[in-house]
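Participant: Position chain V against the provided structure of chain W, taking the given hints into account.
Note that the protein sequences, when read in sequence, are chains W and V. Every number in this note's numbering is 8 more than the matching position in the first sequence, counting from 1. With the first letter of the second sequence counted as 1, position 58 gets the number 52 in this note's numbering; the numbers rise by one all the way through.
What the hints contain is simulated information worked out from the structure, not anything from laboratory work. Each residue gets a CB set at the ideal place from its N, CA and C atoms; glycine is no exception. Wrong hints could be hidden among the right ones.
[Unchecked claim] Which residues of chain V face chain W? A partial, calculated answer using Cβ under 8 Å: (1) Ala11; (2) Phe28; (3) Ser37; (4) Leu40; (5) Phe43; (6) Leu82; (7) Leu90; (8) Ala94.
[To be verified] Pairs of lysine-lysine residues, derived as DSS-like cross-links and limited to a Cα-Cα distance of at most 27 Å, are as follows: (9) Lys36(V) <-> Lys65(W); (10) Lys89(V) <-> Lys17(W); (11) Lys52(W) <-> Lys61(V).
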Amino acid sequence: NAGVTQTPKFRILKIGQSMTLQCTQDMNHNYMYWYRQDPGMGLKLIYYSVGAGITDKGEVPNGYNVSRSTTEDFPLRLELAAPSQTSVYFCASNPASSYNSPLHFGNGTRLTVT
Amino acid sequence: QKEVEQNSGPLSVPEGAIASLNCTYSDRGSQSFFWYRQYSGKSPELIMFIYSNGDKEDGRFTAQLNKASQYVSLLIRDSQPSDSATYLCAVAEVKLSFGAGTTVTVRA
Chain W
9 NAGVTQTPKF
19 RILKIGQSMT
29 LQCTQDMNHN
39 YMYWYRQDPG
49 MGLKLIYYSV
59 GAGITDKGEV
69 PNGYNVSRST
79 TEDFPLRLEL
89 AAPSQTSVYF
99 CASNPASSYN
109 SPLHFGNGTR
119 LTVT
Chain V
-5 QKEVEQNSGP
5 LSVPEGAIAS
15 LNCTYSDRGS
25 QSFFWYRQYS
35 GKSPELIMFI
45 YSNGDKEDGR
55 FTAQLNKASQ
65 YVSLLIRDSQ
75 PSDSATYLCA
85 VAEVKLSFGA
95 GTTVTVRA
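Isolated chain W (complex conformation) (with noise of 0.2 Å):
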């Protein structure tokens, strides 16, 4: 089971360049997340979304978007990239049935803004 499929695994960018991070499921889980962590630091969640065609914003919203075309897809696009959005990036999800279950993470991208 491939699970939580995360890509790129790493990516340095340059201060106002744009990238998009893929995030993609394979287990028609209906709840997707965006987390970031920064060093020393819990999760801290950039967007979710509850559905294909619904997304809403977390507690760091700021600098980034997202779409959900499908069930299997929620990328996160950064479109100009700062330093302070150096860290690591943690796509997630969970089962249709409720936000209270456990998540699933994938492997994480670890972005660096120079």
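Facilitator: Same frame as chain W, now just chain V:
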């Protein structure tokens, strides 16, 4: 005020001892409580979840929940070097909120 707070680490325990991790949360409407373990450079993995007041045991791990005190804890009995990791407390109301984590080191 932070939504989810964990006792600051790092926590160092000898092999075979009990490691005790604490977490408090601010939202009384929170329904579900999770403990994740995260090894350095890896993604979080679920250890325990608890929904009801009281204790829940799974192998060497025990989660304790007290909703009146807004407190959830994790005990690791017979700590092993492989338990050395950062432990994240997470609390769900509509969305999952994570604490900053407590790093545990088990010394042989």
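Participant: So, for every hint listed, does it hold in this structure?
Facilitator: Here's how the hints hold up against the structure:
| no. | hint | in the structure |
| --- | --- | --- |
| 1 | Ala11 | violated (24 Å) |
| 2 | Phe28 | holds (6 Å) |
| 3 | Ser37 | holds (4 Å) |
| 4 | Leu40 | holds (5 Å) |
| 5 | Phe43 | holds (6 Å) |
| 6 | Leu82 | holds (6 Å) |
| 7 | Leu90 | holds (7 Å) |
| 8 | Ala94 | holds (4 Å) |
| 9 | Lys36(V) <-> Lys65(W) | holds (25 Å) |
| 10 | Lys89(V) <-> Lys17(W) | holds (26 Å) |
| 11 | Lys52(W) <-> Lys61(V) | holds (23 Å) |
Comparing the model with each numbered hint stated earlier shows that hint 1 is the single one that does not hold.
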